[in-house]
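Undergrad: Given only the sequences and the hints, what does the whole structure look like? Please build it.
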Amino acid sequence: MAVSVIDRLIEIEHCPLITADTVDLFLDGSGMAVLFFTGDPKQRPESNDVAVVLRELASVFPGELRIGIVDQAHEAALKARFGVLVVPTLVYLREGRFVGLIPRIQDWLAYVEKTRAFLAAPAPA
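Position 107 (the sequence shown) corresponds to 107 in my numbering; numbering is contiguous.
Rather than coming from a laboratory, the hints here were simulated on the basis of the structure.
Okay, derived cross-link-like pairs now, DMTMM-like style, lysine to aspartate or glutamate, Cα gap no bigger than 20 Å in a straight line: (1) Lys79 - Asp28; (2) Lys114 - Glu46; (3) Lys114 - Asp49; (4) Lys114 - Glu64; (5) Lys42 - Glu11; (6) Lys42 - Glu75; (7) Lys79 - Glu95; (8) Lys42 - Asp71; (9) Lys79 - Asp40; (10) Lys42 - Asp7; (11) Lys79 - Glu46; (12) Lys114 - Glu95; (13) Lys114 - Glu56; (14) Lys79 - Asp24; (15) Lys79 - Asp21.
In this text, all values refer to a predicted model and were calculated from it rather than measured experimentally.
TA: So this is what it looks like as structure tokens:
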């Protein structure tokens, strides 16, 4: 059976599945964390496209991004906390503080430029 790109991030590339109970522990780590709000990929096929982009971003910025996949069962509880209005969305946080987000599928260069800007931004106060 084929493995979806999102499942690959979780199972093969060991990106943790984030729940309302584990999000704070995940965000306590150093560096830039990226929360991936996928929505239901069956209803929103672009979620798989964003998953591919996220894998590529990890290779363009090696060791600079800690990626967590938000468990679909916990998305509703976490959306308001992180300002997510649509899915899929990538939410960037440093030291648990919001830095920015990228909603839906974007042009590849937009992901690279925004990620670079988020990484270069001073730590939120």
